[in-house]
Amino acid sequence: MNSVPVRVKINDVWQERTVESRLLLSDFLRHVVGLTGTRVGCEHGVCGACTIILDGVPVRSCLLFAVQTTGCEIRTVEGLAAPDGTLSLLQEAFRDKHAVQCGYCTSGMLTTLTVFLSENDDPSEEEVREAISGNLCRCTGYQNIVAAVLLAAERSRKKEGVANG
Amino acid sequence: MKPPAFEYVAAESEEHALELKARYGDDARFLAGGQSLVPAMNYRLVQPAVLIDLNRVESLAGIGKSKDGKTRIGAMTRHRSVERDAVLAWEQPLLGAAMRNVAHPQVRNRGTLGGNLAHADPASEMPAALLALDAQVLARSSKGERQIRLDQFFKGVYSTALTEAEMLVEIVVPPLPSNARTCFMEIARRRGDFAMMGVAVVVKTDDACICRFARIALCNAGPGPVLARKSADMLMGHSPSDDALKAAADAAAQEIDPPGSLQASPDYQRHLARVVTYRALRAALA
Chain F
1 MNSVPVRVKI NDVWQERTVE SRLLLSDFLR HVVGLTGTRV GCEHGVCGAC
51 TIILDGVPVR SCLLFAVQTT GCEIRTVEGL AAPDGTLSLL QEAFRDKHAV
101 QCGYCTSGML TTLTVFLSEN DDPSEEEVRE AISGNLCRCT GYQNIVAAVL
151 LAAERSRKKE GVANG
Chain Z
1 MKPPAFEYVA AESEEHALEL KARYGDDARF LAGGQSLVPA MNYRLVQPAV
51 LIDLNRVESL AGIGKSKDGK TRIGAMTRHR SVERDAVLAW EQPLLGAAMR
101 NVAHPQVRNR GTLGGNLAHA DPASEMPAAL LALDAQVLAR SSKGERQIRL
151 DQFFKGVYST ALTEAEMLVE IVVPPLPSNA RTCFMEIARR RGDFAMMGVA
201 VVVKTDDACI CRFARIALCN AGPGPVLARK SADMLMGHSP SDDALKAAAD
251 AAAQEIDPPG SLQASPDYQR HLARVVTYRA LRAALA
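Taken in sequence, the protein lines are chains F and Z.
Here the numbering used here is used: the first sequence runs in plain steps of one and ends on residue 165.
Here the numbering used here is used: the second sequence runs in plain steps of one and ends on residue 286.
Okay, chain F solo, but in the shape it has when bound (with noise of 0.2 Å):
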């Protein structure tokens, strides 16, 4: 056993503990972190139920050890809604679509999609599908968490559209 330290900023907080290398970012969230909404599906990359944002990308939180993070910031699905619980405008379209049914895989799909729409505001389906292609659902068929993206996307050209007058 060693003893490392790691100093994280989560979700707007910085974090500062002292932990073992071998322990991966998916066990220091949930459980050094206390935050569980980053899910543990496979632990070798390939379910997407652990994906968090990175510096702004999403990536495997299941294939990082928490000490390779300090400095860095991270965002996980607690973090996506504004400070007062409102939801952001994927969550809600997720809620108006009926995109979650066990939810186990709702919190990897929200913070991939928070930064595909970020970076495409007006996907084809062809593009959300290749967007979540790393994120597997047991429950949905993925067809009401496609339908939930292109509501969000068709939400916030309208609500840009109304601030650009």
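Please keep in mind that the hints were generated in silico from the structure rather than gathered at the bench.
Among the chain Z residues that face chain F by a calculated CB cut under 7 Å, a handful are:
| no. | residue |
| --- | --- |
| 1 | A5 |
| 2 | G34 |
| 3 | N42 |
| 4 | G192 |
If you want a taste of the chain Z side facing chain F, the calculated C-beta under 10 Å gives, among others:
| no. | residue |
| --- | --- |
| 5 | R78 |
| 6 | R110 |
| 7 | D193 |
Glycine included, every Cβ here is placed at the ideal spot set by N, Cα and C.
Following the hints, position chain Z against chain F.
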């Protein structure tokens, strides 16, 4: 599962990384993107005593060109950078085409080209694409450096020519022959899975529609990426008629020694090699 304990060191520079590797030898593994190494560690298939993290060595990442026109890609360049680079899309389209088939977007965000090559999974797409492009890699140790041709770099399943003191630092890709056409195609059960069979082709025909250059490389076709020499030779000096492409595809299927897996038997992989080589050649020459 969780990995067993190991010492973790974040290298601060290339020199630091090489000095550490010289000190620890085979007890240490380099940690690049971790998208292949960490799953292996989580399964406890690999249990390094020391991990040398290369992710803070910025000098190891980047895409550029040398004065002789060769594309130079730093080993720690993320897959996503290769996939999205506008200059590469124009000058080396085969790289982006292959890259879009590598794993999933989230894996490409973190995985690196050098790490992928050093891991040497026989089913990986990028080794086949780079072999079709006749690329080389630059290996460095604390004692010096050497260039290794890709057809001499891959030694077998998860095995490369790198010695225990060496680090892969750069991938060097010669310019495509002028007017060469390229295509990467694979057949996988699900988007993002390792291919059951994949092929990278580079072909060039002259004004009289005679093939003047051909290179065909397949992945998941043997212990490493396989250059289908006989198949390419068959195309040279001839017009690429449908029959000629089919014959070349047949030849490629005979040249490979696919391992077989739960997903596809060796015979089925040979069949897929015939199908995908034909389709890729046709697409490239369309």
